[in-house]
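Trainee: For the protein sequence lines, the chains are A and B, in the order given.
For what it's worth, my numbering labels the leading residue of the first sequence as 1, then goes sequentially.
For what it's worth, my numbering labels the leading residue of the second sequence as 1, then goes sequentially.
What the hints contain is simulated information worked out from the structure, not anything from laboratory work.
For each residue, glycine too, the CB sits at the ideal point set by N, CA and C.
Check each hint, because a few of them may be wrong.
Restraint ranges, calculated between C-beta atoms of paired labels, are given here [as the list claims (entries may be wrong)]:
id	chain 1	residue 1	chain 2	residue 2	range
1	B	Glu153	A	Val109	17 to 27 Å
2	B	Val81	A	Val65	21 to 31 Å
3	A	Leu34	B	Ser30	50 to 60 Å
4	A	Pro90	B	Arg190	23 to 33 Å
5	A	Ile91	B	Leu31	44 to 54 Å
6	A	Gly18	B	Leu164	53 to 63 Å
In silico contact screen, one side only, chain B against chain A (beta carbon under 8 Å); selected entries [claimed, not checked]:
id	residue
7	Val181
8	Ser182
9	Ala184
10	Gly185
11	Leu188
12	Val189
Letter by letter, the chains look like this.
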Amino acid sequence: MFGHGGLTTLGVNGIIIGLPALLASALFSLRRKLPGGSYATGILAFTAGAGSVLLSAMMMASLLVLTIPEHLSAETEHQALRMMVLAYVPIAAIEGVFTAMVVSFLSKVKPEMLGDGR
Amino acid sequence: MRKNPLAAWRTSLQIPCLFMLMMSFAFVRSLVLVPVIMAISALLFALSGMPVKEALKRLRLPLTLLFVMTVLIVMLDGTTVLVSAGPLTVRAEGLELSAVIWGRVLSILGVAMALYRTAGGWELAAGFRRCGVPGILVDMGMLTGRYIHVTAEEYSRMRIAMRLRGERRGYRTLRLPGTPVSLAGSLLVRGFERAERVWSAMKLRGYRGAVPYAGDRRPLNSHDMLMSLSVTASAAALVLLELCARGVV
Numbered sequence: 001m002f003g004h005g006g007l008t009t010l011g012v013n014g015i016i017i018g019l020p021a022l023l024a025s026a027l028f029s030l031r032r033k034l035p036g037g038s039y040a041t042g043i044l045a046f047t048a049g050a051g052s053v054l055l056s057a058m059m060m061a062s063l064l065v066l067t068i069p070e071h072l073s074a075e076t077e078h079q080a081l082r083m084m085v086l087a088y089v090p091i092a093a094i095e096g097v098f099t100a101m102v103v104s105f106l107s108k109v110k111p112e113m114l115g116d117g118r
Numbered sequence: 001m002r003k004n005p006l007a008a009w010r011t012s013l014q015i016p017c018l019f020m021l022m023m024s025f026a027f028v029r030s031l032v033l034v035p036v037i038m039a040i041s042a043l044l045f046a047l048s049g050m051p052v053k054e055a056l057k058r059l060r061l062p063l064t065l066l067f068v069m070t071v072l073i074v075m076l077d078g079t080t081v082l083v084s085a086g087p088l089t090v091r092a093e094g095l096e097l098s099a100v101i102w103g104r105v106l107s108i109l110g111v112a113m114a115l116y117r118t119a120g121g122w123e124l125a126a127g128f129r130r131c132g133v134p135g136i137l138v139d140m141g142m143l144t145g146r147y148i149h150v151t152a153e154e155y156s157r158m159r160i161a162m163r164l165r166g167e168r169r170g171y172r173t174l175r176l177p178g179t180p181v182s183l184a185g186s187l188l189v190r191g192f193e194r195a196e197r198v199w200s201a202m203k204l205r206g207y208r209g210a211v212p213y214a215g216d217r218r219p220l221n222s223h224d225m226l227m228s229l230s231v232t233a234s235a236a237a238l239v240l241l242e243l244c245a246r247g248v249v
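The following block holds chain B by itself, in its conformation from the complex (with noise of 0.2 Å):
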């Protein structure tokens, strides 16, 4: 049973508010407002009921990328130096945009992934569809989402294949590069192989383009009223607010 204000909210309207909402997170540059855009997305983060240490894991890499682009942001970007230790130096304008960008990331993020874990699966296609998305765009979206679990476990088992009849591990498979070569070429054999079967498969089931996704028909209520209606005030509350600080307003 559905307990869960966010998992509650029909999908239809939980996906164009939401986007709203990161649309509105985007819209900020104001480091005061920062906080708030925190606060917004910790809140919707907090309702998804998504563990942090998953939520860590699986943005692991963007999050390193992003840290390693506001290193050089704050060493490089402005002219108010604060501290200075040889050719390391740190600037201030650096310093608050690295800021707001952190902020807006985290926020973004937070937000998709409340998305992601609430609406999740069959329920986001059949959203995506009746908010209008072309059907060969969701299909090829949740068919992606499907393979490529299939296509990394097929990686990690011919590593260790691999490795079971004697390639050497780590910085000296770099004097073989047929090896990766090799590696990449049978994926892409498998995969290729993989999708005529998919597709036959898909065609003899009757496809014609789009999978016909059932959804949420249930009637709108309060609840799908009152969480549209609170995201999109809060999502134009943040775009006046940030006109207010940027001084056009």
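So here's chain A without its partners, still in its complex pose (with noise of 0.2 Å):
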């Protein structure tokens, strides 16, 4: 619809979105083998989070920065992909927080979600 290859960036954006959360489900899964109980668990789903958020925006400004078009001002770009970047700090925080926070309700509630207690 915006003309920026939909079908034909399927698998690029695929690995955008799909490695990050891979990688947060890794990071996670690591509390058991952390002392700290709840805390490690809260400060894990936080890192968990913020992380695959920060790092999906890091690794598309990546790629966008690597294939600017020729006529397009390098510079430009590189200050609308910077701002960009910026703009998804607050987002990336305000994640980990719901994120720890989801946990942890869930770790009451019915930990066999998160794995524990089986």
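Please dock the two separately framed chains into a single complex, following the hints provided.
Mentor: Right, dumping it as structure tokens:
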């Protein structure tokens, strides 16, 4: 619809969203190996939530910087991408806090959803 | 009885032909072709019989986001300034690009709504299966479409219950972050338990990885061929016209 590729960028979009999600899952699964109990779970949940959003934003910005077309001004694009990544910082923080709180809720109400207490 | 020419068109042909048409709309970058694609889309939308109000209701949020985006494009894209009032600037290139984007979006969504209206539900699933889409993907799509409404109803019931228990509405709830968190958590827990129940029921009914959708098994007729050829020819003509407009052909 916007002439940005759509189907032809499906693979790279899948990696931008999917790879950070997989890394976040791997990071969160470390909670069983770390001491600290619920504190470690909360910190890892925050890191996984916030980190995945930031990583996705940085991956997208990096890909766009590396593939800027010749007819576009590189300096303007860099500035726009810098602003875009900065705009994702508060979003990542909110995501991290929300994820940590939901994980805390689930660990009290239904721990088997987190793979605990089966 | 099917009198609607789109509804009478075999779904397993309708899906690839309309997708091809949507891709040809996406290929258009010339402003002069925008009325053409909008006319084709409007014709198909009118044939589907979908009320305009219902379509606008479903598309309210994406069109609002698109509006915000195109306002930025109009103000920032290009160098030819048409109107300037302080920080607000209307640029010619931005205006042209916005018109093309709006034309493409409305045309593609019009065709998508026509497909959804005429095929919809089981027939659409059967059509996708006949087109070779993996069964697991079709089943996931169908289950999502089925249970998203259930989740939305659960959410509104829980909000009513919270208000009856004294939750304050509006911005004041921002002081209580636990409220949306417990709401989201409860929805997750209920969804998880429902998913386990549905999965057990599906296994008991013999589910083996793909629901056997029956679909339209009647032989191809002249109406199917006519619709398929005319839509395919329209898509090809649009691509050719766009290449001519770009000076490639």
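Trainee: Is the hinted range of 53 to 63 Å satisfied by the C-beta distance from Gly18 of chain A to Leu164 of chain B?
Mentor: Violated, at about 41 Å.
Trainee: How about Val189 of chain B: closest beta carbon in chain A under 8 Å, or not?
Mentor: With Cβ-Cβ at 5 Å, under 8 Å, it holds.
Trainee: Regarding Glu153 of chain B and Val109 of chain A, is the given constraint of 17 to 27 Å on their beta-carbon distance met?
Mentor: Between Glu153 of chain B and Val109 of chain A, where Cβ atoms are some 21 Å apart, the hint holds.
Trainee: Check the following: the C-beta atoms of Leu34 of chain A and Ser30 of chain B are separated by a distance inside 50 to 60 Å.
Mentor: 58 Å, holds
Trainee: Val81 of chain B and Val65 of chain A, beta-carbon distance inside 21 to 31 Å?
Mentor: With Cβ atoms ~29 Å apart, the hint holds.
Trainee: Grab the minimum C-beta distance from Val181 of chain B to chain A and call the hint holds if it beats 8 Å, violated otherwise.
Mentor: With a minimum Cβ separation of about 4 Å from chain A (threshold 8 Å), the hint on Val181 of chain B holds.
Trainee: Quick check on a hinted range of 44 to 54 Å for Ile91 of chain A and Leu31 of chain B, using CB atoms only.
Mentor: Violated - the Cβ-Cβ distance for Ile91 of chain A and Leu31 of chain B, about 35 Å, lies outside 44 to 54 Å.
Trainee: Let me know if the C-beta of Ser182 of chain B comes in closer than 8 Å to any C-beta of chain A, holds or violated.
Mentor: 6 Å, holds
Trainee: Closer than 8 Å between Cβ atoms is the bar; does Gly185 of chain B clear it against chain A? Give me holds or violated.
Mentor: 4 Å, holds
Trainee: Is the gap between the beta carbons of Pro90 of chain A and Arg190 of chain B within 23 to 33 Å?
Mentor: 30 Å, holds
Trainee: Leu188 of chain B was flagged as interface toward chain A. Is the shortest Cβ-Cβ separation under 8 Å?
Mentor: 7 Å, holds
Trainee: Should the interface hint for Ala184 of chain B be scored as holding, given a Cβ-Cβ cut-off of 8 Å against chain A?
Mentor: 6 Å, holds
Checked against the numbered hints above, the structure breaks hints 5 and 6 and satisfies the rest.
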